[in-house]
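Let's have the full structure, built from the sequences with the hints guiding it.
Protein chains in written order, with my numbering: chain A, 1 to 192; chain B, 1 to 192; chain C, 1 to 192; chain D, 1 to 192; chain E, 1 to 192; chain F, 1 to 192.
Read the hints as simulated data drawn from the structure, not as lab findings.
There could be a bad hint or two in this list.
For identical chains, the list gives no copy identity; a pair is met inside one copy or between any two copies.
Claimed, not checked - Derived pair list, reagent style BS3-like, types lysine-lysine, alpha-carbon separation capped at 25 Å:
1. Lys150 x Lys182
2. Lys107 x Lys158
3. Lys59 x Lys124
4. Lys89 x Lys124
5. Lys160 x Lys150
6. Lys150 x Lys89
7. Lys82 x Lys160
8. Lys12 x Lys107
9. Lys82 x Lys12
Protein chains: 6
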Amino acid sequence: MGLAQFLYAARKLNNIGRWASDFMHIRASVSEHSFFVTQVAQMLGMIEEEHGNSVNWEKLYKKALNHDVVEAFTGDILSNVKNMTPKMKTAVDDIENMIADELLFSKMEPPYRDMYRDMIFDGKDESLEGQILRYSDNIDAMLECLTETKLGNNPPFKKKYSEIREKLKKSPLTSVQFFIEKVLPEYEELLE
Amino acid sequence: MGLAQFLYAARKLNNIGRWASDFMHIRASVSEHSFFVTQVAQMLGMIEEEHGNSVNWEKLYKKALNHDVVEAFTGDILSNVKNMTPKMKTAVDDIENMIADELLFSKMEPPYRDMYRDMIFDGKDESLEGQILRYSDNIDAMLECLTETKLGNNPPFKKKYSEIREKLKKSPLTSVQFFIEKVLPEYEELLE
Amino acid sequence: MGLAQFLYAARKLNNIGRWASDFMHIRASVSEHSFFVTQVAQMLGMIEEEHGNSVNWEKLYKKALNHDVVEAFTGDILSNVKNMTPKMKTAVDDIENMIADELLFSKMEPPYRDMYRDMIFDGKDESLEGQILRYSDNIDAMLECLTETKLGNNPPFKKKYSEIREKLKKSPLTSVQFFIEKVLPEYEELLE
Amino acid sequence: MGLAQFLYAARKLNNIGRWASDFMHIRASVSEHSFFVTQVAQMLGMIEEEHGNSVNWEKLYKKALNHDVVEAFTGDILSNVKNMTPKMKTAVDDIENMIADELLFSKMEPPYRDMYRDMIFDGKDESLEGQILRYSDNIDAMLECLTETKLGNNPPFKKKYSEIREKLKKSPLTSVQFFIEKVLPEYEELLE
Amino acid sequence: MGLAQFLYAARKLNNIGRWASDFMHIRASVSEHSFFVTQVAQMLGMIEEEHGNSVNWEKLYKKALNHDVVEAFTGDILSNVKNMTPKMKTAVDDIENMIADELLFSKMEPPYRDMYRDMIFDGKDESLEGQILRYSDNIDAMLECLTETKLGNNPPFKKKYSEIREKLKKSPLTSVQFFIEKVLPEYEELLE
Amino acid sequence: MGLAQFLYAARKLNNIGRWASDFMHIRASVSEHSFFVTQVAQMLGMIEEEHGNSVNWEKLYKKALNHDVVEAFTGDILSNVKNMTPKMKTAVDDIENMIADELLFSKMEPPYRDMYRDMIFDGKDESLEGQILRYSDNIDAMLECLTETKLGNNPPFKKKYSEIREKLKKSPLTSVQFFIEKVLPEYEELLE
Chain A
1 MGLAQFLYAA RKLNNIGRWA SDFMHIRASV SEHSFFVTQV AQMLGMIEEE HGNSVNWEKL
61 YKKALNHDVV EAFTGDILSN VKNMTPKMKT AVDDIENMIA DELLFSKMEP PYRDMYRDMI
121 FDGKDESLEG QILRYSDNID AMLECLTETK LGNNPPFKKK YSEIREKLKK SPLTSVQFFI
181 EKVLPEYEEL LE
Chain B
1 MGLAQFLYAA RKLNNIGRWA SDFMHIRASV SEHSFFVTQV AQMLGMIEEE HGNSVNWEKL
61 YKKALNHDVV EAFTGDILSN VKNMTPKMKT AVDDIENMIA DELLFSKMEP PYRDMYRDMI
121 FDGKDESLEG QILRYSDNID AMLECLTETK LGNNPPFKKK YSEIREKLKK SPLTSVQFFI
181 EKVLPEYEEL LE
Chain C
1 MGLAQFLYAA RKLNNIGRWA SDFMHIRASV SEHSFFVTQV AQMLGMIEEE HGNSVNWEKL
61 YKKALNHDVV EAFTGDILSN VKNMTPKMKT AVDDIENMIA DELLFSKMEP PYRDMYRDMI
121 FDGKDESLEG QILRYSDNID AMLECLTETK LGNNPPFKKK YSEIREKLKK SPLTSVQFFI
181 EKVLPEYEEL LE
Chain D
1 MGLAQFLYAA RKLNNIGRWA SDFMHIRASV SEHSFFVTQV AQMLGMIEEE HGNSVNWEKL
61 YKKALNHDVV EAFTGDILSN VKNMTPKMKT AVDDIENMIA DELLFSKMEP PYRDMYRDMI
121 FDGKDESLEG QILRYSDNID AMLECLTETK LGNNPPFKKK YSEIREKLKK SPLTSVQFFI
181 EKVLPEYEEL LE
Chain E
1 MGLAQFLYAA RKLNNIGRWA SDFMHIRASV SEHSFFVTQV AQMLGMIEEE HGNSVNWEKL
61 YKKALNHDVV EAFTGDILSN VKNMTPKMKT AVDDIENMIA DELLFSKMEP PYRDMYRDMI
121 FDGKDESLEG QILRYSDNID AMLECLTETK LGNNPPFKKK YSEIREKLKK SPLTSVQFFI
181 EKVLPEYEEL LE
Chain F
1 MGLAQFLYAA RKLNNIGRWA SDFMHIRASV SEHSFFVTQV AQMLGMIEEE HGNSVNWEKL
61 YKKALNHDVV EAFTGDILSN VKNMTPKMKT AVDDIENMIA DELLFSKMEP PYRDMYRDMI
121 FDGKDESLEG QILRYSDNID AMLECLTETK LGNNPPFKKK YSEIREKLKK SPLTSVQFFI
181 EKVLPEYEEL LE
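Structure follows, in structure tokens:
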């Protein structure tokens, strides 16, 4: 069948820590990251709707919940490495596809195989939901960096915090602007 | 605003371990539990649809993702204690409502307050989605017990595993029957 | 017999962390808390005697050592929740009594049952020893908050530290006044 | 004053793990060990009194609670090393006395210095209370070994479990015989 | 200068766990792995010399100690992924070289840059020392798998243990044959 | 044979934490310490050679890698205790020798016994390599103290950092002076 293999892979995300090689006071597992990214995506979606934009909720939740399941096979580090050059991104994407085919989908029957393949790849497309996922992923990383910095763990988190915040400020999404202007200052206050 | 308080509460679920007082080889945080319950709910939903039943996906994801956020204020233990007698369940439900009002919603503006209040309470109602959530919560607990038992940690997990499996066998849901008959044996094999 | 059940319960206190939902640099288990509260109670007792007050040492040690054994069944969180309103305190006390009867004392023979029941309930009465226990519990919490604050972990520990210290300053006990004036400043210095 | 130094030393016992160099599924801190040894001593004392022997409770609690405070300065390992030969025991005892004088008592005023010095040294004398402490220390170690063995962690815990049980069987104390015959089998059952 | 960057990178190996996505009772850091691989290499070297083969010790130690320093930048997972296909191995090797140049060597002055570059790349060449390193890396992994299996953690460690042992049996090195025949059975006995 | 016993002892260094009784944000195991000391020794050796001094690399690596293996039997604490007085140093040295003979070398055949005995004792002699080991051990401790201090964990690490740095400044070795003047400031910058 292969459905058990999918759940077993999702469970393995508990064993994988984020930001592999840096010391952290609070290291989140990839499961915890996935939970929180989905929470942020849910909040951005609610804000979008309050501002008159329509959200495909099924699509948004599917993208957010499953966007890092493939890390069960490749680990968290690749996502950092992959952003170094376009060539690396291609190489890593290829590796992820090959591994998921070999270890996960080869054992899974349709129609589940097709549904799950859609869910775990290409989450960050240019649809509103794809963009919300991408920025939610960034917001989670930014809040992690902020928390480490407030706890006195500066390198490399202080610098990364500023970089991500600057990047988010340039986002065209209403909900991201709302988050940076209204939610982030409140969150920062809670950590002081 | 109060939105930051909600995210901050969700983040606290990383700090709370499940099954508070028993030794576990692998202790999941409430965030990891919430992630996995949502994964199981997603799978049961897909199975329901494959068998011709229609699922409200937005409702299902909202119920599953947020069903334990209130534990940020009350801890995980109450959910165990609350099942001892109906009187206790009422007392604990009252406590949870009072605390969430006091610590979370008092600071949040409408319409977010109303939306979030719906999401974090009364998730396990008698709709199909409410039932899927309740059984997904059970399935997660069952798989945790199974894993501990396979790792040689018998009390109290061996007994609890059998109890939950028996309970699930009596479920009227197609997807739960499918899970017990087709997915569980495969999952067990992966642990051997 | 039931004596093994009591020891087994006491052992479970190793698995339960204090301050469940907040991040801590140093999280004490309930066993470690019980050990330290008994150390503080012993010190306050010595100070009381040095100032001419007589202490019933058997009573003091029994109260301090066993005051949180019931948390093996209810977890640490209830003690925080219970202080919200008098109604909640009553509800939680009821729950603790029912659970201890069900899971612990039903299997224990007299006279041990009666002796242990006295030890694990009603420790914080208005006798000198009961008051010493209550303030020792506070002092342990205050020193935990102080330690977190010194390590740069401010919320919620900085605020709680001040609250507890103010509360202790109002204590009528000679030993508590002595502690705040003579011991606390020295302890603070050791953390700098 | 020096009282803060004593509490600070007691707190450090949270940082020291027992059985330093062997892998354990559940490693207790020296604080947790001290708490549990005092629980066992309390139980043995109750059993002694039920069998007509009189216990000096103040003396028993003081011995049990404080018997390992000196490990804050010397670590847990010395207690293992010290039993190799009588010459080593003398050397280690000398070291412990010198260190406690240097780091703890030199700063403490009488009468606290004298009271604390009595409490942390020579606990395991030949009085009934001294013997109860020695056997309680053994019982804690035996139950730790038993727990590891039940969890599948055999070397060196399986062998040590048998050795300690045999040693306890030869104890002249009524309460120890009662523990081995009545309490231990029940405890073992709880782990199966 | 860049020498501090090298030490800082080596220190980061403490933060990276081996076998990223599988649960382990005992997870070694990459530093601990590097230490142990160097210990095994030292033993194999001693055995080779006892059997009349000459070892270049400087070369052997340099290869073994530094063989995983690059994982400070790429994480442990790549070493698993890289063995899937030759194409992947090439891609990963390219990535490692680019990252080390960018993050480490660009800041380091000659002659240290050249010496360190030699040490962290191409360790597993076909010289006797390169072969000893490759087999020492395998022996460490085999002993980790053996330990997990003895502790009751079977998948995937039981199967991997057999695979690696079979692979080692085919090694042409005298010291590896000696290890499998003489040392491994003794080691296995120590775990029983 | 006894070779397995040696590896098994080296493996136990993973279980032993450094600086036993003080809280640390980042506690290194003795394996991690040994790895890093060997890295520092390698760097000092390279610097010595760049300044025209000749290094016996085989000797240096053997000293550094194996200098704490004996702690598998005696724990980390003795090395701290032993520096209190010359009499204590002698007593601890005696203990270490007796234990290593009893538990390790009694089972090992020559010539391995003689080679290993040389490696694990008397590493810090007055040869250039012995001095490099001694200072590398100090440098590792200094960098650990520096890291804790930068993370806000002052006592006792701030004071120890200054003490060790002052001691190193008095070293006659070229490489140590180079390290303090050129490498340490860069390392400090990386932590800010």
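For each hint, the structure was consulted:
For the identical chains of this complex, Lys150 and Lys182 are intra-copy neighbours only, at 19 Å inside a copy versus 30 Å across copies, given an alpha-carbon limit of 25 Å. With identical chains, the CA atoms of Lys107 and Lys158 are at most 25 Å apart between copies only, with a shortest distance of 22 Å across copies and 44 Å within one. Taking the shortest alpha-carbon separations for Lys59 and Lys124, both the intra-copy value of 11 Å and the inter-copy value of 23 Å come in at or below 25 Å. In this homomeric assembly, Lys89 and Lys124 come within 25 Å of each other (Cα to Cα) only inside a single copy, at 14 Å, whereas the closest approach across copies is 27 Å.
In this homomeric assembly, Lys160 and Lys150 come within 25 Å of each other (Cα to Cα) both inside a single copy, at 13 Å, and across copies, at 18 Å. Taking the closest pair of Cα atoms, Lys150 and Lys89 never come within 25 Å of each other, the shortest separation being 32 Å inside a single copy and 35 Å across copies. In this assembly of identical chains, Lys82 and Lys160 lie within 25 Å of each other by CA distance solely inside one copy; the values are 17 Å within and 29 Å between copies. Within a single copy, Lys12 and Lys107 get their C-alpha atoms as close as 18 Å, which meets the 25 Å cut-off; across copies the closest is 37 Å, which misses it.
Within a single copy, Lys82 and Lys12 get their C-alpha atoms as close as 21 Å, and across copies as close as 20 Å, so both meet the 25 Å cut-off.
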